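Novice: Now for the letters of each chain:
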Amino acid sequence: MLSLYRFLLRLYPRAYRHEFGVEMLAVFREAQTETWKKGVLARGVFCAREVAGLLRGALGEHLQAIAGSDLLTASRSRINFTPTWSGSPTKRRFTMRSEFRFPKATAPLMALILALIVVAIEKAKAIQASLPHTNPHVGPIQPAQFTLFSTVLVVVAITCAAGLLGWAILFALRRSGLHRLSEFNPSERVGPVGGGPHRP
Amino acid sequence: MRSLPVTEPVLLILLSLAEQPRHGYSILKDVQEMSDGQVSLSTGTLYGALRRLLQDGWIERFEENRASRGRQAYRLTPAGRRNLQLEVTRLTHLTRLAGLRLARVNPDLVGVNREGEA
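Residue numbers (this note's numbering), protein chains in the order written: chain A, 1 to 200; chain B, 1001 to 1118.
Just to be clear, a hint being listed does not mean it is correct.
Distance condition first, Cα-Cα at most 16 angstroms in a straight line; then the derived EDC-like pairs of lysine to aspartate or glutamate [stated by the list, open to error]: (1) B:Lys1029 with A:Glu34; (2) B:Lys1029 with A:Glu30; (3) B:Lys1029 with B:Glu1019.
Far from chain A, some chain B residues (derived; all Cβ distances over 10 angstroms) [claimed, not checked]: (4) Glu1008; (5) Val1010; (6) Gln1020; (7) Pro1021; (8) His1023; (9) Ser1040; (10) Leu1041; (11) Glu1060; (12) Glu1064; (13) Pro1078; (14) Ala1098; (15) Gly1099.
Simulated restraints on C-beta separations [said to hold, decoys possible]: (16) B:Arg1082 with A:Ala172: 38 to 48 angstroms; (17) A:Pro13 with B:Arg1104: 49 to 59 angstroms; (18) A:Ala115 with B:Leu1086: 48 to 58 angstroms; (19) B:Pro1021 with A:Ala52: 24 to 34 angstroms; (20) A:Met110 with B:Arg1075: 47 to 57 angstroms; (21) A:Pro108 with B:Arg1075: 44 to 54 angstroms; (22) B:Pro1078 with A:Ala157: 46 to 56 angstroms; (23) A:Ser150 with B:Arg1081: 51 to 61 angstroms.
Derived by calculation from the structure, the hints in this document are not laboratory data. Note that this is a predicted model, so its numbers are computed, not measured. The beta-carbon is built from N, C-alpha and C at its ideal position, and this holds for glycine as well.
Next comes chain B alone, as it looks inside the complex (with noise of 0.2 angstroms):
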């Protein structure tokens, strides 16, 4: 099994399997969507990606009846899900302690920190 705390790619993976198995086209287009523009996977990084999430057993391949050859489907596996689950509440964790670690040296940003959590 893979050890978190996860790269950003792979997070980004994960979070798009999420929601629904995807092929890998839809992947990268929902990765690239997700993060603005920011991330733009090549096929090599995101093939890379999930030989080794299937490798640790995080993803599984997902048989679509439609599907035609060069257009697998992945989906995530219950403990994929697991430790995404995981690896997000460490994120939400360490951006809360953030948020107060700099409060506490700049006041003003207390009140930029409840507005992002409203």
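In isolation and in its complexed conformation, chain A is listed as follows (with noise of 0.2 angstroms):
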């Protein structure tokens, strides 16, 4: 189980890892020590909790890495909500900054892949008509027959397929820099860019 939860610590971001890894580590430890005294049914729960919780955990701190720290807790910061007991109305303000860019690249890549797309139609359509229609009757299309099995890893692929589609998306957002935005902070440039001497 602990080699386990290493490997889905590793699902984290790198800077969460470097912060709290030795110690969710340490405190999983100790509660693994404590859990496993009290039988089967404690430590198939302990288990599940554990694992969930990283996985939800994991997937939070990586969407919040790409959306900007800086962003979400910006917009909760702004959220001036004040409890009064004497009737006034809570006073809420909302405001929303823009901060996701997507890289240059995408516009003229998705341009590409629709024209893609069309012309593969066209080609179809165009093989489609070409062909002499000689092709002899099909019968009605049978239901395929799952079995428990077959089902079971259907799911599992395409929990799989969509689990690794997730993560390639999560993996392109980061790659752009994205990320990086929320670390920006233009005040601690001081000095003439590109080392040259500096005037007083």
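Two chains, two frames, a set of hints: combine them into the complex.
Specialist: So this is what it looks like as structure tokens:
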């Protein structure tokens, strides 16, 4: 279980792992030692809870890293919620900022994909029109007979594919350098750019 | 700063830290104890909440003399304590309001509410 925990910890962003990884592992060890004395059922519940918690946490941290922690915390901090019990309305102010930027190559790439799809459709139509209609009659399509095993296999395959796709999207967005925007502070840029002599 | 109201796990973590600084495992145990075993936090949930509370300035790291790596303690900041107090006030008000509304529908509940307040 400890090795599984270590493996799942790798799903977290590097900065998060660096800050909390050792601590989380130590707390997990302590909790595991105690739970292991309680029996099989308690162990099962503990493992399921930890795995689910790690997966949810890793996804949340990645989403936060992609969207930019500054954006999320800024939007939260701007909700000025003052609990007042005298009947006056609570004041709420939302300020929305768009810090999300797609990479510049996105639009041409999407246009290229769209053009390829259109060309492929037209080509298929042309091939269909050129073929003689001498195909024998095909009977009604019978529904596939799914057994329990094949159903589980299909569900697992779809889940894995969806997970991989999601992960690829997250990875692509991280590669765009978007998460670095939240750490960018223009005020820290002091001194001449390029290491030239500093003019008073 | 985090907006109010807070979620139940976060509220329990804050209540756990209200009394004294605690490290991760101690928070897990205390939350379980406070909720009579109804809330069991996973380490992923706990550290996700701690990370956000640290970022929002509600809690801070507390240096212990004999702390080993992996046993980092946390404590409430003054701002965190103030916000926790606000949240508790909000919940108290909500509970009182709920009692009053229910008592209007079913007057038998008035006695129950008074017993609860006593």
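Novice: Hints first: check each against the structure and report whether it holds.
Specialist: Results of checking the hints against the structure:
1. B:Lys1029 with A:Glu34: 11 angstroms, holds
2. B:Lys1029 with A:Glu30: Given that 16 angstroms is the threshold and the Cα spacing comes to 11 angstroms, the pair holds.
3. B:Lys1029 with B:Glu1019: Holds, at roughly 14 angstroms.
4. Glu1008: 15 angstroms, holds
5. Val1010: Check passes; 13 angstroms lies beyond 10 angstroms.
6. Gln1020: 18 angstroms, holds
7. Pro1021: 14 angstroms, holds
8. His1023: Answer for histidine 1023 of chain B: violated, closest chain A Cβ roughly 8 angstroms.
9. Ser1040: 6 angstroms, violated
10. Leu1041: 8 angstroms, violated
11. Glu1060: 14 angstroms, holds
12. Glu1064: Since the minimum Cβ distance to chain A is about 13 angstroms, glutamate 1064 of chain B lies beyond 10 angstroms and the statement holds.
13. Pro1078: 17 angstroms, holds
14. Ala1098: 14 angstroms, holds
15. Gly1099: 15 angstroms, holds
16. B:Arg1082 with A:Ala172: 38 to 48 angstroms: Holds, at about 42 angstroms.
17. A:Pro13 with B:Arg1104: 49 to 59 angstroms: About 51 angstroms separates the Cβ atoms of proline 13 of chain A and arginine 1104 of chain B, which means 49 to 59 angstroms holds.
18. A:Ala115 with B:Leu1086: 48 to 58 angstroms: Holds - the Cβ-Cβ distance for alanine 115 of chain A and leucine 1086 of chain B, about 57 angstroms, lies within 48 to 58 angstroms.
19. B:Pro1021 with A:Ala52: 24 to 34 angstroms: Distance hint for proline 1021 of chain B, alanine 52 of chain A holds at roughly 29 angstroms.
20. A:Met110 with B:Arg1075: 47 to 57 angstroms: For methionine 110 of chain A and arginine 1075 of chain B the Cβ distance comes to about 50 angstroms; the hint holds.
21. A:Pro108 with B:Arg1075: 44 to 54 angstroms: Taking Cβ atoms as reference, proline 108 of chain A and arginine 1075 of chain B lie about 53 angstroms apart, which means the hint holds.
22. B:Pro1078 with A:Ala157: 46 to 56 angstroms: 53 angstroms, holds
23. A:Ser150 with B:Arg1081: 51 to 61 angstroms: 57 angstroms, holds
Violated hints, listed in ascending order, are 8, 9, 10; each of the other numbered hints is respected by the structure.
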